[in-house]
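Student: The sequence shown begins at 271 in this note's numbering and counts up by one.
Some hints here could point you the wrong way.
[To be verified] Pairwise CB distance ranges (calculated):
| # | residue 1 | residue 2 | range |
| --- | --- | --- | --- |
| 1 | K332 | E387 | 39 to 45 Å |
| 2 | K402 | S330 | 21 to 27 Å |
| 3 | A363 | S424 | 35 to 41 Å |
| 4 | I310 | E348 | 52 to 58 Å |
Don't read these hints as lab results, they were simulated from the structure.
Given the structure is predicted, the values throughout are model-derived calculations rather than measurements.
Beta carbons are placed, not taken as given, at the ideal position from N, Cα and C, and that holds for glycine.
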Amino acid sequence: MTALLELLKQKQRELKLNNENEIIKKERSKKNVFSKVEEIKGRKVYHTKIFNDFYTFGISKKDPTKFFISLRGIFNIEHISMFHLFSTRDDDAFLGIYYGIKKLDKAFLVKNFNKRETYTLRKCEYIEFRFKKGGIFCYLSGLHNLLKADKIESSYYQTLLNIVNELERELYAFYGKALPEGGIIPKWVQKTQK
Numbered sequence: 271m272t273a274l275l276e277l278l279k280q281k282q283r284e285l286k287l288n289n290e291n292e293i294i295k296k297e298r299s300k301k302n303v304f305s306k307v308e309e310i311k312g313r314k315v316y317h318t319k320i321f322n323d324f325y326t327f328g329i330s331k332k333d334p335t336k337f338f339i340s341l342r343g344i345f346n347i348e349h350i351s352m353f354h355l356f357s358t359r360d361d362d363a364f365l366g367i368y369y370g371i372k373k374l375d376k377a378f379l380v381k382n383f384n385k386r387e388t389y390t391l392r393k394c395e396y397i398e399f400r401f402k403k404g405g406i407f408c409y410l411s412g413l414h415n416l417l418k419a420d421k422i423e424s425s426y427y428q429t430l431l432n433i434v435n436e437l438e439r440e441l442y443a444f445y446g447k448a449l450p451e452g453g454i455i456p457k458w459v460q461k462t463q464k
């Protein structure tokens, strides 16, 4: 009887260890926001995974030399991922924020369980944070709504536009650069809107 009890306790410890290892693996995979890092002409360029939109951003309270950006997941908007932009060093410089549309290598299938619909992304809008020595391409599927003329009156459109405008203001202030008059996003939206 005691041997059986010892065997059960040992099995319980093994299961607990397996569960802890799975949790650690999940946390490590969640922390990696970037899907690809490449070296182009001596510049290091980071590409994020595809996310839905912004959750929050700002200067880190613990370390004022970091600007954090939190993004909401494309499949689960409650899944939040974050990355940092660091203050520039002497030999580096912040060149600005750029917007664009990139064709994806493979079509990306997105399921919206709330609306019970599935759609395919063949191209994705991005925000590029460009530096002299590199850059970060941040792919956001929510930016697609800004390019639809029929969505202008929606609350999501207005909210997202305000959030991106605020991001531009705060980021340019963080790097001590003057933001172009009226911001960058309204000009890009006006140029590419259908």
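Student: Now, for every hint given, state plainly whether the structure supports it.
Tutor: Now for the hints, and whether the structure bears them out:
no. : hint                     : result
1   : K332 to E387: 39 to 45 Å : holds (41 Å)
2   : K402 to S330: 21 to 27 Å : holds (22 Å)
3   : A363 to S424: 35 to 41 Å : holds (37 Å)
4   : I310 to E348: 52 to 58 Å : violated (35 Å)
Consistency note: the structure conflicts with earlier hint 4 alone.
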